[in-house]
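Trainee: Given next are the chains, with one letter for each unit.
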Amino acid sequence: MKNKLVIVTGVPGVGGTTLTEKAIEALKKEGINYKMVNFGTIMFEVAKSENLVEDRDQMRKLDPDTQKRIQKMAGRKISEMTADAPVIVDTHSTIKTPMGYLPGLPKWVLDELNPDIIVIVETTGDEILMRRLGDGSRNRDLESTGNIEEHQFMNRCAAMTYGVLTGATVKIIKNRDKLLEEGVEELLSVLK
Amino acid sequence: MKNKLVIVTGVPGVGGTTLTEKAIEALKKEGINYKMVNFGTIMFEVAKSENLVEDRDQMRKLDPDTQKRIQKMAGRKISEMTADAPVIVDTHSTIKTPMGYLPGLPKWVLDELNPDIIVIVETTGDEILMRRLGDGSRNRDLESTGNIEEHQFMNRCAAMTYGVLTGATVKIIKNRDKLLEEGVEELLSVLK
Amino acid sequence: MKNKLVIVTGVPGVGGTTLTEKAIEALKKEGINYKMVNFGTIMFEVAKSENLVEDRDQMRKLDPDTQKRIQKMAGRKISEMTADAPVIVDTHSTIKTPMGYLPGLPKWVLDELNPDIIVIVETTGDEILMRRLGDGSRNRDLESTGNIEEHQFMNRCAAMTYGVLTGATVKIIKNRDKLLEEGVEELLSVLK
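Chains A, B and C, in that order, give the protein sequences. When we follow our numbering, the leftmost residue of the first sequence carries the number 1159, and every step to the right adds one. When we follow our numbering, the leftmost residue of the second sequence carries the number 1159, and every step to the right adds one. When we follow our numbering, the leftmost residue of the third sequence carries the number 1159, and every step to the right adds one.
Among the hints, a few may not be true.
Which copy is meant is left open, because identical chains are indistinguishable; a pair holds if it fits in one copy or across any two.
As a list, the in silico PhoX-like pairs of lysine-lysine whose alpha-carbon atoms are at most 20 Å apart [as the list claims (entries may be wrong)]:
hint: 1; residue 1: 1219; residue 2: 1350
hint: 2; residue 1: 1226; residue 2: 1162
hint: 3; residue 1: 1235; residue 2: 1350
hint: 4; residue 1: 1206; residue 2: 1230
hint: 5; residue 1: 1235; residue 2: 1186
hint: 6; residue 1: 1254; residue 2: 1350
hint: 7; residue 1: 1219; residue 2: 1162
hint: 8; residue 1: 1235; residue 2: 1219
hint: 9; residue 1: 1186; residue 2: 1350
hint: 10; residue 1: 1226; residue 2: 1160
hint: 11; residue 1: 1160; residue 2: 1219
hint: 12; residue 1: 1332; residue 2: 1230
hint: 13; residue 1: 1265; residue 2: 1186
Calculated from the structure, these hints are not laboratory results. Please read all numbers here as calculations on a predicted model, not as lab measurements.
Just need the whole structure built from these sequences, with the hints factored in.
Mentor: If you want it as structure tokens, here you go:
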């Protein structure tokens, strides 16, 4: 029986990583040991092992074909990890760039990853804005709540496409202020 | 000339099956004889003919690879039915499961089905909630209107992905309370 | 280094073509010479060169397989144009037809086009309705603001699917009344 591969996504500030860490900790007490990996980190490791880069800043300077090849290799590497343990991939459904929303898991990555479940952690644009303000983000980086909601809209579209291409389910989990435990419980129900 | 293959989808309680039956009845009077099939039923027939299951409850216990193979065979079988008559497939764009929204027509099924039109039957979350209440659904199964609307959102995303992958059009038909006839008329205009 | 291939989409009346023309004009002054093509026009040229049609009205009468082949050839032709200059394709994310929303760039076209950026030009349903009224559109062609917003919703879904299939970014640009220059500036930032 194959171990689960779960992808956890969410806009910056929504608290996806916190939620995931809490869920993993709770599962450990029950003897379920998820391995948590960050997609970008695995990509960097692959590129470094091929002597293509020395630090993470150099990653974005790779030519598109090399980047695509590294992405595929990272996808395969993560997929192979499920031989030993269930895996959670911490990543983004789409990344907001000056050129627009970049899909975090383009088709060639999905084909390698073959995920079971894609989780989208969401809350209202207002709550995300307040959390980002609290984070001490510099003002010029702040998006309006309208823009945050647009980002979350596109994340749903991308995630559902990931589901259609792979057969994975798409689980939307709300991470509301003061209701962290509810979010953790929901995530746990999916990971078990 | 190939007969039409139309897929009719909608969340539970929206009335997609009723709408379809009424449209088929009306078309029969005009000498157009659509065959209506339920995707899940065809899958069960395929699995049964291979002696994999005896009753429908056993379907979900099939291992994922077998399930995928059965899905493909069901898709092919339905596609072949269009040799004799136009076909309507009664199914769901996504199915809400505890693990998240499961795409009703993952890529490998679409590749076999090759549909012409994907219909989404919709109405407001409020109306769907009231219909489910009227259905005598048990309370614990009831979703909030917000959750129903989230489900409809994801159904649109999935259906549009089906369209991009196959070239099918995606038709949204409203099935509002007391306006059933309007919904039937709209569906008829697509089926003719 | 490959020249950029940018696809600009938007519902009728949103002003995508105007925005694109203004941006191209501004770039010309900076020595950046984008070629602007209309996807439908290229398709027609391809079909005409094969003696399949004589005028554009005949395009929709082509059988589906021929249409698909012409679409692919048009996609390849546009992609090849980027050898000489950066290219903007003026088209639609989805086309509203009586049979539903038809994807403007189905999978087989995307595979040929391989775009870098997909732009969606948007504004509110109200503003689009007012612009269409001002255009002298005949009343019977007018959609309600609700229907325009539904169309924009499906355009986002389709565009994000295009992104996942190709790795292109999806950029949403607002073209608000009296704020044309802001829209042009945003488009310029993507084209440069």
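Trainee: Now, for every hint given, state plainly whether the structure supports it.
Mentor: Each hint tested on the structure:
For a Cα distance limit of 20 Å, the shortest separation of residue 1219 from residue 1350 across copies, 17 Å, qualifies, whereas the shortest one inside one copy, 39 Å, does not. Proximity of residue 1226 and residue 1162 under a CA criterion of 20 Å is satisfied inter-copy only: 17 Å between copies versus 25 Å inside one chain copy. Taking identical chains as interchangeable, the C-alpha atoms of residue 1235 and residue 1350 are never at most 20 Å apart, the minima being 23 Å within one chain and 36 Å between chains. For the identical chains of this complex, residue 1206 and residue 1230 are intra-copy neighbours only, at 15 Å inside a copy versus 38 Å across copies, given an alpha-carbon limit of 20 Å.
Taking the shortest Cα distances, residue 1235 and residue 1186 never come within 20 Å of each other, neither inside one copy (23 Å) nor across copies (46 Å). Proximity of residue 1254 to residue 1350 under the C-alpha cut-off of 20 Å is restricted to the inter-copy arrangement: shortest distance 18 Å between copies versus 31 Å within a copy. Within a single copy, residue 1219 and residue 1162 get their C-alpha atoms only as close as 33 Å, which misses the 20 Å cut-off; across copies the closest is 17 Å, which meets it. In this assembly of identical chains, the alpha carbons of residue 1235 and residue 1219 never lie at most 20 Å apart, being 22 Å within a copy and 29 Å across copies at closest.
Within a single copy, residue 1186 and residue 1350 get their C-alpha atoms as close as 11 Å, which meets the 20 Å cut-off; across copies the closest is 50 Å, which misses it. Taking the shortest Cα distances, residue 1226 and residue 1160 sit within 20 Å of each other only across copies (16 Å), while inside one copy they are farther apart (26 Å). When the C-alpha separation of residue 1160 and residue 1219 is checked against a cutoff of 20 Å, the pair qualifies only between copies, where the shortest distance is 15 Å, while the shortest distance within a copy is 36 Å. Taking the shortest alpha-carbon separations for residue 1332 and residue 1230, neither the intra-copy value of 30 Å nor the inter-copy value of 34 Å comes in at or below 20 Å.
When the C-alpha separation of residue 1265 and residue 1186 is checked against a cutoff of 20 Å, the pair qualifies neither within a copy, at 32 Å, nor between copies, at 35 Å.
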